[in-house]
Amino acid sequence: MSSQALQMPRWMDLVLLPLWNLLIALAVAGGVVLLIGASPVQALTVLLDGALGSARGLGYTLYYTTTFIFTGLAVAVAFHGGLFNIGGEGQATLGGIGVALLSLWLAPKLPGIVMIPLAIVAAALLGMLWAAVPGYLQAWRGSHVVITTIMFNFLAAGLNGYLLVNWLRPAGSMSVESDAFADSARMPAVHEVLAKLGIEWPSSPLNLSILLALAACVFVWWFLWKSRAGYVLRAVGSNPAAAHYAGIRPRWQVLAAMGLSGALAGLVGVNEIAGVQGKLTLDFVAGAGFTGIAVALMGRNHPVGIVLASLLFGTLYQGGVEVSFDVPGFSREMVVTVQGLIVLFAGAMAMVSAPMFAKLHGAFARKQRAAEGKSHG
Amino acid sequence: MDEVLIGSVLASTLRVTTPLLFAALAGLLSERSGVVDIGLEGKMLSAAFAAAAVASVSHSTALGLLAAIAVAIAMSMIHGFATVTHRGDQVVSGVALNMVAAGLTVVLGIAWFAQGGQTPPIEAAQRITGLLPQWAEPVPGSWFASVIGHGLLSHNALVYLAFALVAVVWFFLERTRPGLRLRAVGENPAMVDAAGVSVPRLRYTALALNGILCGLGGAYLTLAQNASFSPNMTAGRGFIALAAMIFGKWKPVPTLCACLLFGFLDAVAIRLQGVSLPGIGEVPVQFIQALPYLLTVVLLAGFIGQAIAPKALSKPYVKER
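Those sequence lines, one after another, are chains A and B. Letter by letter, the first sequence follows residues 1 to 377 in the numbering used here. Letter by letter, the second sequence follows residues 378 to 698 in the numbering used here.
Chain A on its own, in the form it takes in the complex (with noise of 0.2 Å):
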């Protein structure tokens, strides 16, 4: 390839490309805000008010970071694996019915101590199951698992209507949602664990998911450059050949990339159920595992960029809703845009200005070895 083309340094290829990257996608936000008669820096300034401008904004903020921090992290380990997971928004729909079943199930009965923990792994074993089907199939049966796992999201989908419809729902209910699960299936939100502690914080739906969220960005640290096992599998994500060659067996590892990349988007579940919705919803990941896709490209695949990239992200949809009921014409679904802007951007087309990057180092490099020759001779 024009590698040779392509030489820079790594905080250009790291920071500088993805920043060019985000700028051009949200210049071209600009102008579709401009093409529908608002203004972009009034738009941008409810936005960043909305979502950091108060505590009750960064609650919402927070939360929806939560999700995104999880799917994020599913995407990118499936990546580290050579897999690219668009199933996210199957797999968190299974941890939600994990969640779910479990907690109609045994709440009642156990504490919350006890009940929390195990809808954490319902959701994680759910969604690690919804995964690995398409991972096995792709390791030993050959099918591509971009476009199983996408069949697998209507799959969840068409699952979840059909409990929710058919079993869930309680005899008479025009809405089609399940019963609410008994107060020790819910997961602390955190106002109410500041309460406690004496601190006023207006209410949110941010709970403690998101210590979860951060513990599981520390384990897929750990996980994917400190871990044997960890290694194993990036060794297959870059060169499934070499590791065969090694002694790596690149069908189990496909399998654990997908069932570890299942099991981190499943955890949105307990998130979205457990900690906000408390009972069982229609499509309540409404997009975040696509999301995942754009906030794990945004943040390189690595736990410390995909905490950034999911503040991002929570900042546009949390600002976005606030944008919407400020400035008239302007919809929520504007932030569906920038999001798919800087996926095209910063995904698919990230490599389109690299060669001009490339070149103004190579210039900027050549006139610094010219002037240090200069200031030798």
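It is possible that part of the hints are untrue.
So the derived list for chain A, only partly shown, Cβ under 10 Å to chain B, looks like this [unchecked claim]:
| # | residue |
| --- | --- |
| 1 | L35 |
| 2 | L137 |
| 3 | R141 |
| 4 | I147 |
| 5 | F154 |
| 6 | A195 |
| 7 | G329 |
| 8 | T337 |
| 9 | G340 |
| 10 | L344 |
| 11 | G347 |
| 12 | M349 |
| 13 | M351 |
| 14 | A371 |
Derived DEER-like restraints, expressed as beta-carbon distance ranges [said to hold, decoys possible]:
| # | chain 1 | residue 1 | chain 2 | residue 2 | range |
| --- | --- | --- | --- | --- | --- |
| 15 | A | K359 | B | L443 | 32 to 42 Å |
| 16 | A | L48 | B | R554 | 24 to 34 Å |
| 17 | A | N239 | B | L557 | 48 to 58 Å |
Covered stretches of chain B, going by a simulated chain A footprint (3 or more residues, C-beta under 8 Å) [stated by the list, open to error]:
| # | stretch |
| --- | --- |
| 18 | 618-629 |
| 19 | 660-670 |
Keep in mind that the hints were calculated from the coordinates and are not lab data. Just so it is clear, CB atoms sit at the ideal spot from N, CA and C, and this is done for glycine as well.
Add chain B to chain A, keeping to what the hints say.
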């Protein structure tokens, strides 16, 4: 009453198969040239919006159709720019196009028409309607009028165009020189390059044709099937079309069969709600709706036959130096 039931199931099968067929043939052309197209859904959605917006404002069916095709081609060209010219990831690009389409159609719809994302209804005069209005409804007591008349002959021009295009695409791919090259570039681009034919140009051509077909499929949704655009109205049809194309093993005629099968499932799903089938019992409607996805997974896993993708699918071509 049987003739009414058979006639109306046949008619609705053909109606819901049509957009699937346009999109599946579009995906087939792109994927046979080696470019994965996850973005069928987004292109159809954007085309549906463009057709509805332009037709309702300009009061012209032709302009609506043109706008739909133009928008879908433009999106295909973005896909080509990202993946063919700059060798970006084809799946990521498709996912991005779907997101942009899902967001932008609603954003523009609300900003322009202020009806919660819907476009104003398209007047009857601008809608593409059935060619033979006397058979718009099945006729009880007459098998000919119900099954042949209503079932097969009552449709609009786009329905027949979609089915005719199966033959056109087959002939193009199997019997013409550009078609052979298009297939070759999806199997072995290096060979095509060595023969002195431009790989990017072939792939862009395939993507342009893909855009035309996606545009027709999207326009069908708003100009023929419904009378206005509503948010996310494609509702996964692009993915069902993708599944149908895979189920049809990337070949036109089997793809037609898969589209008909999935269209039939869609047409009977609502009718089977709450109906107890002899020997099986009541089939949940969600199961019938999920069947296309399930069948595709089972087929891809090699449990029923084998689906072999074009060899160079999803691999960006790097010209040797």
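Hint by hint, here is what the structure shows:
The interface hint given for L35/A holds, since its Cβ lies 8 Å from the closest Cβ of chain B, which is under the 10 Å cut-off. Hint status for L137/A: holds, given a least beta-carbon distance of 5 Å to chain B, under 10 Å. Interface hint at R141/A: satisfied, since its Cβ lies 4 Å from the closest Cβ of chain B, which is below the 10 Å cut-off. Against a cut-off of 10 Å between C-beta atoms, the interface hint on I147/A holds, since the closest Cβ of chain B lies about 6 Å away.
The criterion of a C-beta within 10 Å of any C-beta in chain B is met by F154/A, whose closest approach is roughly 5 Å, and the hint holds. Interface hint status for A195/A: violated, as the beta-carbon distance to the closest one in chain B is roughly 37 Å, over 10 Å. Restraint check, G329/A versus chain B: the minimum CB separation of about 5 Å is within 10 Å; hint holds. With a cut of 10 Å, the hint placing T337/A at the interface with chain B holds, because the nearest CB-to-CB distance is about 3 Å.
The interface hint given for G340/A holds, since its Cβ lies 3 Å from the closest Cβ of chain B, which is under the 10 Å cut-off. With a least beta-carbon distance of about 4 Å to chain B, the hint placing L344/A at the interface is held under the 10 Å criterion. Nearest Cβ of chain B to the Cβ of G347/A: about 4 Å, under the 10 Å cut. The hint holds. Given hint, M349/A at the interface with chain B, holds; its Cβ is 5 Å from that chain's nearest Cβ, closer than 10 Å.
Here the hint on M351/A is kept, as its CB sits about 6 Å from the closest CB of chain B, short of 10 Å. A cut of 10 Å between beta carbons decides the hint on A371/A: the least distance to chain B is about 33 Å, and the hint is violated. The supplied range of 32 to 42 Å is met by K359/A and L443/B, whose beta-carbon atoms lie about 40 Å from each other. In this structure the hint that L48/A and R554/B lie 24 to 34 Å apart at CB is violated, the actual value being about 57 Å.
At about 35 Å, the beta-carbon gap between N239/A and L557/B misses the expected band of 48 to 58 Å. Counting residues of the stretch 618-629 of chain B whose C-beta sits closer than 8 Å to any C-beta of chain A gives 3, which meets the bar of three, so the coverage hint holds. With a cut-off of 8 Å between beta carbons, the stretch 660-670 of chain B has 6 residues touching chain A; three or more are needed, and the interface restraint holds.
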